[in-house]
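Chemist: Given next are the chains, with one letter for each unit.
2 protein chains.
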Amino acid sequence: MASKTGFDYAPQAAHSEKVVAPGDYKFATAFLDHGHIYGQVNGLLEAGAELACVYDPDPEKVAKFLESHPDTPVADSFEAVLTDPEIKLVAAAAIPNRRADIGIQVMDAGKDYFTDKCPFTTMAQLEAVKAKVTETGRRYMVYFSERLHVESAVKATELVQGGAIGDVVQVINLAPHRLSKDSRPDWFWDKEQYGGIITDIGSHQCDQLLALTGSTDAKIKCARVANFSNPDHPEFEDFGEVSYTMSSGASGYYRLDWFTPDASPVWGDGRTFVVGTKGTLEIRKYWDPAQPGDPRDRIYLVNEDGTQLIECADKVGFPFFGAMILDLINGTEKAMTQAHIFKSAEISLRAQEMADAAG
Amino acid sequence: MASKTGFDYAPQAAHSEKVVAPGDYKFATAFLDHGHIYGQVNGLLEAGAELACVYDPDPEKVAKFLESHPDTPVADSFEAVLTDPEIKLVAAAAIPNRRADIGIQVMDAGKDYFTDKCPFTTMAQLEAVKAKVTETGRRYMVYFSERLHVESAVKATELVQGGAIGDVVQVINLAPHRLSKDSRPDWFWDKEQYGGIITDIGSHQCDQLLALTGSTDAKIKCARVANFSNPDHPEFEDFGEVSYTMSSGASGYYRLDWFTPDASPVWGDGRTFVVGTKGTLEIRKYWDPAQPGDPRDRIYLVNEDGTQLIECADKVGFPFFGAMILDLINGTEKAMTQAHIFKSAEISLRAQEMADAAG
Numbered sequence: 001m002a003s004k005t006g007f008d009y010a011p012q013a014a015h016s017e018k019v020v021a022p023g024d025y026k027f028a029t030a031f032l033d034h035g036h037i038y039g040q041v042n043g044l045l046e047a048g049a050e051l052a053c054v055y056d057p058d059p060e061k062v063a064k065f066l067e068s069h070p071d072t073p074v075a076d077s078f079e080a081v082l083t084d085p086e087i088k089l090v091a092a093a094a095i096p097n098r099r100a101d102i103g104i105q106v107m108d109a110g111k112d113y114f115t116d117k118c119p120f121t122t123m124a125q126l127e128a129v130k131a132k133v134t135e136t137g138r139r140y141m142v143y144f145s146e147r148l149h150v151e152s153a154v155k156a157t158e159l160v161q162g163g164a165i166g167d168v169v170q171v172i173n174l175a176p177h178r179l180s181k182d183s184r185p186d187w188f189w190d191k192e193q194y195g196g197i198i199t200d201i202g203s204h205q206c207d208q209l210l211a212l213t214g215s216t217d218a219k220i221k222c223a224r225v226a227n228f229s230n231p232d233h234p235e236f237e238d239f240g241e242v243s244y245t246m247s248s249g250a251s252g253y254y255r256l257d258w259f260t261p262d263a264s265p266v267w268g269d270g271r272t273f274v275v276g277t278k279g280t281l282e283i284r285k286y287w288d289p290a291q292p293g294d295p296r297d298r299i300y301l302v303n304e305d306g307t308q309l310i311e312c313a314d315k316v317g318f319p320f321f322g323a324m325i326l327d328l329i330n331g332t333e334k335a336m337t338q339a340h341i342f343k344s345a346e347i348s349l350r351a352q353e354m355a356d357a358a359g
Numbered sequence: 001m002a003s004k005t006g007f008d009y010a011p012q013a014a015h016s017e018k019v020v021a022p023g024d025y026k027f028a029t030a031f032l033d034h035g036h037i038y039g040q041v042n043g044l045l046e047a048g049a050e051l052a053c054v055y056d057p058d059p060e061k062v063a064k065f066l067e068s069h070p071d072t073p074v075a076d077s078f079e080a081v082l083t084d085p086e087i088k089l090v091a092a093a094a095i096p097n098r099r100a101d102i103g104i105q106v107m108d109a110g111k112d113y114f115t116d117k118c119p120f121t122t123m124a125q126l127e128a129v130k131a132k133v134t135e136t137g138r139r140y141m142v143y144f145s146e147r148l149h150v151e152s153a154v155k156a157t158e159l160v161q162g163g164a165i166g167d168v169v170q171v172i173n174l175a176p177h178r179l180s181k182d183s184r185p186d187w188f189w190d191k192e193q194y195g196g197i198i199t200d201i202g203s204h205q206c207d208q209l210l211a212l213t214g215s216t217d218a219k220i221k222c223a224r225v226a227n228f229s230n231p232d233h234p235e236f237e238d239f240g241e242v243s244y245t246m247s248s249g250a251s252g253y254y255r256l257d258w259f260t261p262d263a264s265p266v267w268g269d270g271r272t273f274v275v276g277t278k279g280t281l282e283i284r285k286y287w288d289p290a291q292p293g294d295p296r297d298r299i300y301l302v303n304e305d306g307t308q309l310i311e312c313a314d315k316v317g318f319p320f321f322g323a324m325i326l327d328l329i330n331g332t333e334k335a336m337t338q339a340h341i342f343k344s345a346e347i348s349l350r351a352q353e354m355a356d357a358a359g
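From first to last, the protein sequence lines are chains A and B. Mapping the first sequence onto this note's numbering, position 305 (from 1) lands on 305, and the numbers just tick up by one. Mapping the second sequence onto this note's numbering, position 19 (from 1) lands on 19, and the numbers just tick up by one.
Since the hints were derived computationally from the structure, they do not count as laboratory data. Hints should not be assumed to be uniformly reliable.
Since copy identity is lost for identical chains, a pair holds within one copy or between any two.
What the hints assert, rightly or not - The calculated SDA-like cross-link candidates involving lysine to any residue, where the alpha carbons are at most 20 Å apart (straight line), are: (1) K130 to R98; (2) K343 to E135; (3) K64 to D182; (4) K130 to D314; (5) K219 to A358; (6) K219 to A357; (7) K315 to G110; (8) K278 to N230; (9) K181 to K278; (10) K64 to G166; (11) K181 to N230; (12) K334 to G48; (13) K88 to A14; (14) K64 to S229.
These figures come from a predicted structure and were not determined experimentally.
Given these sequences and hints, build the entire structure.
Modeler: This is how it looks when you write it as structure tokens:
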């Protein structure tokens, strides 16, 4: 269910399966800069992981976290988290340009890392983390919430990978966001810290394009960023778009923007269109505008069998979290490969570079 | 109303206004190669024009036309059409690479021309027609049916131009088509004759991007064509896409394809998304999938006033045709400027060239 806790970024599953016994898999949460951390923690808890402690240098962020997760032990320092041998995983949502450095510390301490997207803001961070993963054998996992924590996106991935629309010809992803200008921290407006709109939000879309087209790489055809409506924040980008040719041969396109109208009941009318050789599919993720009851998580599938509206809300769950925990325990890559994560980041970073160069 | 006559391309208005008295404005129809001609003729008749005669070198095409327009005088030759001083306008839907040459003959005969899109298949044709328009003072009008003959598109243009969503940031147009492979004539598969998917269908989209963004030109960022699923017709393109930066500063993107599933109740689930600084708008032109009654011509508008579903079917009409006739009589450019027509064609032709070069 969306927003049960009152936090925008904390989906909760109507049904979930615990993959580990109580106390068998402990994690910490740290660096609560982005609200996504609430979704990351929910997903891990629902899969059976135990939250060992919370850490943030800012006591206010810790206090806010404790409102929804009372009785969580509070760590005095990040060092205390890193040196606790019981903690296997650190879930964090730091300011974007700090994420890689924190992840390197986590892996150096022999733990796995689960960061909010975007995982990196520069290619140098990506390269450093790649080297550290090789060196330590630990994992650098990423919360690509727009696919992993959206039931219609989970179901659509299954349908497409199962051949419901034949071979994929193109994926289009439209990702509007609400700006909520007054509530944003300073780092949100500073390009060095957030990385640019394609680096930041686009890493989500790259994950989806790779997964839905079954690709391992992509060629960037063109990319653009712009600031149409926020001259008071000159480093902010309120619009971004990229066009790719995926390694599968399919095309991929996405648009990112911060223009969700204030009157919208949801933060973004996220859509995904997948065209295949034998059918087409549309995901209406967070809203189906002007439909009775403001439904969410719907798939419209048109193929040789006819037209179907597939309701996914509270029916699909979020299998990623349990699968990731089992991967980390067993050394497998069933939930998501490390290569997929690095490639999703790389093709968003390179697209940002191309857009920046185009001016 | 769609398909009242049984022809896919012949919308009829529920309400229309005649701008000329009976017999005051006569036109001929000729070269009936594309079914769009039925829509062109309907629009002109509804606006009060009188159909003086029909001509096609193929008696079967004439016979088929007479089924829906009985008692139309049949011209023996195109020369007979061209030399009839009563005929002010020739409406035609020839094979695409023949359209410019026919138009030049029409203008040389002192008449205006109303061709199906695409207006040209080469830049050389465009240049020749530009010169002929200047020389003769006659007009080369184009049936951009996806905007002019779709009530929701007419209404959306009004809303956007009236400021309903603020300044336009981006327009995305998704234009799937049903292939109906067995029913297509030979020229449909021959690139020299149809011009390529971007030249052909894309000219529609360019008209819409220019109109909805209020632009007079566009820079092409990237373009792609592909043949994913029709290796038996190697010159056919079943996929095309272009990304533009419009002269207004807005972005424009479209996807064209021939992958409408056979089970779809409509030939294409055409969509247009317009993002503005103060709202967003979606057009569901021909269908609203899985909605009761298979409605069409709907606009979903979200702006500062909230969310509205605007039903346009049988409520808006097609004012273009009457306005065009008055333009041609009075020498005005209220319906559409000649410069807009030439630019729509030019930016689709140039995008096709870029896609062809990209291979």
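Chemist: Could you run down the list of hints and mark each one as holding or not?
Modeler: Here's how the hints hold up against the structure:
1. Taking the shortest Cα distances, K130 and R98 sit within 20 Å of each other inside one copy (16 Å), while across copies they are farther apart (58 Å).
2. Proximity of K343 and E135 under a CA criterion of 20 Å is satisfied intra-copy only: 19 Å inside one chain copy versus 57 Å between copies.
3. Proximity of K64 and D182 under a CA criterion of 20 Å is satisfied intra-copy only: 19 Å inside one chain copy versus 64 Å between copies.
4. Proximity of K130 and D314 under a CA criterion of 20 Å is satisfied in neither setting, with 36 Å inside one chain copy and 60 Å between copies.
5. In this homomeric assembly, K219 and A358 come within 20 Å of each other (Cα to Cα) both inside a single copy, at 17 Å, and across copies, at 12 Å.
6. Taking the shortest Cα distances, K219 and A357 sit within 20 Å of each other both inside one copy (17 Å) and across copies (16 Å).
7. When the C-alpha separation of K315 and G110 is checked against a cutoff of 20 Å, the pair qualifies neither within a copy, at 36 Å, nor between copies, at 67 Å.
8. For the homomeric pair K278 and N230, the shortest alpha-carbon distance between copies (13 Å) is at most 20 Å, but the shortest distance inside one copy (43 Å) is not.
9. Proximity of K181 to K278 under the C-alpha cut-off of 20 Å is restricted to the inter-copy arrangement: shortest distance 14 Å between copies versus 43 Å within a copy.
10. Within a single copy, K64 and G166 get their C-alpha atoms no closer than 47 Å, and across copies no closer than 37 Å, so neither meets the 20 Å cut-off.
11. For the homomeric pair K181 and N230, the shortest alpha-carbon distance inside one copy (10 Å) is at most 20 Å, but the shortest distance between copies (49 Å) is not.
12. Within a single copy, K334 and G48 get their C-alpha atoms as close as 18 Å, which meets the 20 Å cut-off; across copies the closest is 67 Å, which misses it.
13. Taking the shortest Cα distances, K88 and A14 never come within 20 Å of each other, neither inside one copy (26 Å) nor across copies (68 Å).
14. Neither within a single protomer nor between protomers do K64 and S229 lie at most 20 Å apart by alpha-carbon distance, with minima of 32 Å and 54 Å respectively.
Of the numbered hints given earlier, the model fails hints 4, 7, 10, 13, 14; all others are met.
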